[in-house]
Amino acid sequence: GESVGLHLPTLSVQEGDNSIINCAYSNSASDYFIWYKQESGKGPQFIIDIRSNMDKRQGQRVTVLLNKTVKHLSLQIAATQPGDSAVYFCAENNDYKLSFGAGTTVTVRA
Amino acid sequence: EPEVTQTPSHQVTQMGQEVILRCVPISNHLYFYWYRQILGQKVEFLVSFYNNEISEKSEIFDDQFSVERPDGSNFTLKIRSTKLEDSAMYFCASRGTDTQYFGPGTRLTVL
Numbered sequence: 001g002e003s004v005g006l007h008l009p010t011l012s013v014q015e016g017d018n019s020i021i022n023c024a025y026s027n028s029a030s031d032y033f034i035w036y037k038q039e040s041g042k043g044p045q046f047i048i049d050i051r052s053n054m055d056k057r058q059g060q061r062v063t064v065l066l067n068k069t070v071k072h073l074s075l076q077i078a079a080t081q082p083g084d085s086a087v088y089f090c091a092e093n094n095d096y097k098l099s100f101g102a103g104t105t106v107t108v109r110a
Numbered sequence: 001e002p003e004v005t006q007t008p009s010h011q012v013t014q015m016g017q018e019v020i021l022r023c024v025p026i027s028n029h030l031y032f033y034w035y036r037q038i039l040g041q042k043v044e045f046l047v048s049f050y051n052n053e054i055s056e057k058s059e060i061f062d063d064q065f066s067v068e069r070p071d072g073s074n075f076t077l078k079i080r081s082t083k084l085e086d087s088a089m090y091f092c093a094s095r096g097t098d099t100q101y102f103g104p105g106t107r108l109t110v111l
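In order, the protein sequences belong to chains A and B. Take 1 as the starting number for the first sequence in this note's numbering and just add one per residue. Take 1 as the starting number for the second sequence in this note's numbering and just add one per residue.
Excised from the complex, chain A in its bound form (with noise of 0.2 Å):
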């Protein structure tokens, strides 16, 4: 069946640098995926999302890239801030199903 995953459960990353945090998906068929943050306690909080006729997306701080030819997807933040301390998604939009990926935890070092 169809999954989204994601490549590291873990990223720490220093204060005023950048972030990538990288995703695989398996159905080729998908033509919508959305990054989502979600803070401790928290639902999960809509960051950025991107469609499968495109390669790239930008937003305040954050850019989404897809290759499709490789089903990969990644959140890159710039200047990354103590505020960006969270657990990130990558999900899979399926008939407006999410299909969630298993999260990367960011902490960020001052």
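If you're looking for bench data, these hints aren't it; they were derived computationally from the structure. Since the model is a prediction, treat every value here as computed from it, not as a measurement. Note that beta-carbon positions come from the ideal geometry of N, C-alpha and C, so glycine has one too. A few of these clues could be false.
Looking from chain B toward chain A, a few residues come up when the C-beta cut is under 8 Å (computed) [as the list claims (entries may be wrong)]:
(1) Y31
(2) F45
(3) F61
(4) P70
(5) D98
(6) T99
(7) Y101
Label pairs and their computed distance ranges (CB to CB) [stated by the list, open to error]:
(8) E3/B x P82/A: 16 to 26 Å
(9) S40/A x Q17/B: 23 to 33 Å
(10) Q14/A x S66/B: 47 to 57 Å
Assemble the complex: chain A is given as a structure, and chain B must be docked to it using the hints.
Chain B only, in chain A's frame:
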């Protein structure tokens, strides 16, 4: 900014009891969802709801689960006879066009 709200934030219940988890979706959204997250695991889809009926449900969503939109603002998840393994965070989400927006969750603890 509009947001999804959920009550209660934490619910403790005895095994076999019924629980109702409540959600108020974003007001102009028409699509509603429930997800759950067992501690330390990924978020899992339970059910989607549109036009007063279930659109799709996962294999987790068995006969013990039901959803309802009792009025124009609330969306509820009922678990008829809770089991220990129902202990999890339950998230409600709503969608207008593409993006699903999540509530803060209800932590359900079944003893």
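Each hint, compared with the structure:
no.	hint	verdict
1	Y31	7 Å, holds
2	F45	5 Å, holds
3	F61	12 Å, violated
4	P70	22 Å, violated
5	D98	7 Å, holds
6	T99	6 Å, holds
7	Y101	6 Å, holds
8	E3/B x P82/A: 16 to 26 Å	23 Å, holds
9	S40/A x Q17/B: 23 to 33 Å	28 Å, holds
10	Q14/A x S66/B: 47 to 57 Å	49 Å, holds
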